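**Q** As a plain string of letters, each chain reads:
There are 2 protein chains.
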Amino acid sequence: MNLVEGVLSGSRIAISRAITAVENEYDEATAIMQKLYPHTGKAHLIGITGPPGAGKSTLTDKVAKEYRRQGKTVGIVAIDPTSPYSGGAILGDRIRMLDITTDEGVFIRSMATRGSLGGLSRKTADAVKILDAAGKDIIIIETVGVGQSEVDIVKNADTTIVVMVPGLGDDIQAIKAGILEIGDIFAINKADRDGVDRLNIELEMMMDLNQDKVSWRPPVKRTVASMNQGIAELVGAIDDHIRHLHQSGELETRRTERARNELLAALDEHIGRYVLNKLNVSGRFDSMVASVQKREKDPYTLVAEIISSMLR
Amino acid sequence: MNLVEGVLSGSRIAISRAITAVENEYDEATAIMQKLYPHTGKAHLIGITGPPGAGKSTLTDKVAKEYRRQGKTVGIVAIDPTSPYSGGAILGDRIRMLDITTDEGVFIRSMATRGSLGGLSRKTADAVKILDAAGKDIIIIETVGVGQSEVDIVKNADTTIVVMVPGLGDDIQAIKAGILEIGDIFAINKADRDGVDRLNIELEMMMDLNQDKVSWRPPVKRTVASMNQGIAELVGAIDDHIRHLHQSGELETRRTERARNELLAALDEHIGRYVLNKLNVSGRFDSMVASVQKREKDPYTLVAEIISSMLR
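So the protein sequences, as listed, match chains A and B. Using this note's numbering, the letters of the first sequence map in sequence onto residues 20 to 331. Using this note's numbering, the letters of the second sequence map in sequence onto residues 20 to 331.
Looking at chain A on its own, in the form it has when it is part of the complex:
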């Protein structure tokens, strides 16, 4: 298959077409992923998440550039919380950063958040695997750390960076708390703003509370991504974390967990789809929906009936 060979040789067009196939659920998508899968597992996956307005895109770009300076190739998958109305603010940001988008060693792809959830999670994972198979050394997954889905996406990374910013409101603080536990590294971006010391102290205090439970204490790094400040130090912290993952055996644990999650996701998706197709062909599904709506039957009883009739 030409497309698969193209991806494996690192062709930008092939990578792009493969991700499009996955994103749009083309028929050949599964076959492509089956052939690419054995070539995955070599890249180091970095998740970057944080609240809206934390400057994640700029930070992602600067981290990517730092890795390029070290001679490494980089793939970026950005989960883009935009709709057809806006045309994509993040994409706009990317286009302005011409020095990175014209670099052959960097491949950037935005994924739309529209459509089904499990779908987004799997499609992002598949896009990451395509970039992995294409030989990218570092793959950065950038997402807004607010929804559980987005958190679930980044937490499958090897190293997760949670980006904070001083001086956001209370509501943001609450959200922040929800993503604290997935951070391997904290970056306080826009660290030239008021409130940076307070935020730093708060983070360290929370880490103190959690200290005896973990073998890795997440470092807190200050950055001003727009001025490229603190980026080399942040990448240094990522390198430290990679060493920790290898030495502690944690990398193996995380990757077993990821393999398990991948298998579960594939199972959920394909079995549901298979059963639904069978029910649709026979017209049974529509009549089931009608009986649910009329409250003649409940969904739970119907599904139990489907299971006992279709599974052995």
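I should point out that these hints are in silico values taken from the structure, not numbers from a laboratory. A portion of the hints provided could be inaccurate.
One copy or two, it doesn't matter: identical chains are merged, so the pair holds either way.
To be verified - Result set (EDC-like, lysine to aspartate or glutamate): computed pairs, CA atoms no more than 20 Å apart in a straight line:
id	residue 1	residue 2
1	K91	E223
2	K297	E200
3	K297	E324
4	K316	E288
5	K313	E271
6	K84	D259
Predicted model only: the values in this text are computed from it and were never measured.
Knowing the structure of chain A, use the given hints to seat chain B on it.
**A** Same frame as chain A, but now just chain B:
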């Protein structure tokens, strides 16, 4: 079953225990939902979503109070983006609003966003059904409109209110766009702030673009929830929307769609779980995970093998 009878009679303790059963996936949860399901479908479901900091909790409380003033009973399900670290900012807000939490006609429940995604969506839907079966006239689902999961949750409501706020940054604007299409009504909250006219104009312009596609043009209402301003008008707009839903047949369409989604969700969840249990009992699942991790097999091929061996 006592608990089911308790819910049907509107007992707060029974409602609370039923939601806890659903949230923690107790064994009896499915049986409870099966028995309650025939009693659902009477409440009007209102989704309230918007970016962090828009003042959704306060608005929700004021809308609830307005309905109480009209003699209607209200259930509130709040999707709470907090973690064990924080203890729950929203819960804190609720506790401060003593006048509403001590009102016997209002039942408020926060759902944790931790845990699986599909899980959250289904658990929220089940909590709503419990409140529906308990006879609440109005059920408000309040969630942060950033993640796709949260958007998916509110869009199953009969009437969805998107709450905006003047003067948020660019990143927020991008997110805002992602939830525009699900709004039946727009509330510009904190409308005493600068930028309210500009936001109002922007919203109306977007609506103009979309006008010929829809039979209902979402009204834009200005509120200052903290001062109870504009709340009666907002509830008036909800009443208008309810009339529109009935007259246009759209209510039927939406509820068919909801029944379909419920059935699909139950299907996905239970079939996956059934298959997984079978694989776990035989120890096959762990060996599959190991072979995926070693790249001996890919998840897609394995799942195809499971389907052909287990389904008829």
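**Q** Take the hints in turn and mark each one as holding or not.
**A** Do the hints match the structure? See the list:
Taking identical chains as interchangeable, the C-alpha atoms of K91 and E223 are never at most 20 Å apart, the minima being 32 Å within one chain and 47 Å between chains. For a Cα distance limit of 20 Å, the shortest separation of K297 from E200 qualifies neither inside one copy, at 42 Å, nor across copies, at 32 Å. For the identical chains of this complex, K297 and E324 are neighbours both inside a copy (14 Å) and across copies (17 Å), given an alpha-carbon limit of 20 Å. With identical chains, the CA atoms of K316 and E288 are at most 20 Å apart between copies only, with a shortest distance of 18 Å across copies and 25 Å within one.
In the homo-oligomer, the alpha carbons of K313 and E271 lie at most 20 Å apart only across protomers (11 Å), although the nearest pairing inside one protomer, at 50 Å, exceeds that limit. In this homomeric assembly, K84 and D259 come within 20 Å of each other (Cα to Cα) only inside a single copy, at 19 Å, whereas the closest approach across copies is 54 Å.
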